[in-house]
Amino acid sequence: MYTLIAQISVEDLQREALRLQHDYEFLSYGLIAAWVILAVYVMMMIGRQKKLKREIEGLRAMVEDKHGK
Amino acid sequence: MRDKIVYALGILAAVILAWNIYAISQLPEETAQGVTFKIIFFHVPMWAGAGVTVSLALIASVLFLITKNFFFDALAVATTEVGVAFLTAGLVTGSIWGRQIWGIWWTWDARLTSALLCWILYAGYLMLRRAIEEPTQRATFAAVFNIFAFLDVPIVFFSIKWWRTQHPQPVFWGQGSFPPDWTRHFLWNMLAMVALGMVLTAVRYRQEEVQREIDALRRTAHAI
Chain A
766 MYTLIAQISV EDLQREALRL QHDYEFLSYG LIAAWVILAV YVMMMIGRQK KLKREIEGLR
826 AMVEDKHGK
Chain B
-15 MRDKIVYALG ILAAVILAWN IYAISQLPEE TAQGVTFKII FFHVPMWAGA GVTVSLALIA
45 SVLFLITKNF FFDALAVATT EVGVAFLTAG LVTGSIWGRQ IWGIWWTWDA RLTSALLCWI
105 LYAGYLMLRR AIEEPTQRAT FAAVFNIFAF LDVPIVFFSI KWWRTQHPQP VFWGQGSFPP
165 DWTRHFLWNM LAMVALGMVL TAVRYRQEEV QREIDALRRT AHAI
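In the order they appear, the protein sequences are chains A and B. Quick note: the first sequence uses the working numbering, first residue 766, plus one each step. Quick note: the second sequence uses the working numbering, first residue -15, plus one each step.
The following block holds chain A by itself, in its conformation from the complex:
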């Protein structure tokens, strides 16, 4: 056991730390990308919802106005 530990150099530990850091970096990129794409789509939907609401209210008012005349 101690012999094995003695064989691990500082460079090995640094390399392993760097690999882990790199792996976590890419895992976080993947998770962030997935959530950002879904969030952007939801925001687009909210934007469209507001636009449709404005449009339908305007048209209803216009039709009622024309009927009134």
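Be aware that a few hints might be false.
A few chain B residues that face chain A, going by a derived Cβ cut-off under 7 Å, partial list only [unchecked claim]:
{"no.": "1", "residue": "22"}
{"no.": "2", "residue": "23"}
{"no.": "3", "residue": "77"}
{"no.": "4", "residue": "101"}
{"no.": "5", "residue": "152"}
{"no.": "6", "residue": "191"}
{"no.": "7", "residue": "194"}
{"no.": "8", "residue": "201"}
{"no.": "9", "residue": "208"}
These are calculated hints, taken from the structure and not from any lab test. Glycine residues also receive a C-beta, built at the ideal position from the N, C-alpha and C atoms.
Assemble the complex: chain A is given as a structure, and chain B must be docked to it using the hints.
Coordinates of chain B only, in the frame set by chain A:
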């Protein structure tokens, strides 16, 4: 009431997905790929969500051509648009995963190419709809195009079996397997992502209904 159920389901799905980020981070490293492998928990459910939505779009398109009922046309648009969002996320997460494991962002193998073609076809469907003014003609052309676009879906699915690809064989449908606690989180994510897809489809479908009402009001306003 229906709206409340839809939004509650959406929030529940988002909570499960968010909670699973923490749960997944507690799982040990995978032997060959390290922690990067955990992208599978989002990458595959995204593709599952895309698969379910585009399959529903196919059914809706076929039913529209048979019945000429615009309910099916609205359903086809809603499911396809949500499907494109999932396809985008699936392609991007896959590319990030590939960069770390293969050392490249992209390769033109059968799986990746057919998947990109799938995205182009469904994005093309959405663009085609914008290009045609007349509602019945638009719905009919779009339904036919949607059925044509679906021809690529089995090719994406089976490409890793039919050809030698850079993309690996699937974990569940090949020779690989997951430990039980990994499977549990994976299935929860699959379920949550499909539920989220259904919620987004329901919201998008309502928007399509409103759009139709707007078109009808416009025609009335012009006629008066």
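Worksheet item: Tell me, which hint numbers fail for this structure?
Response: 4, 5
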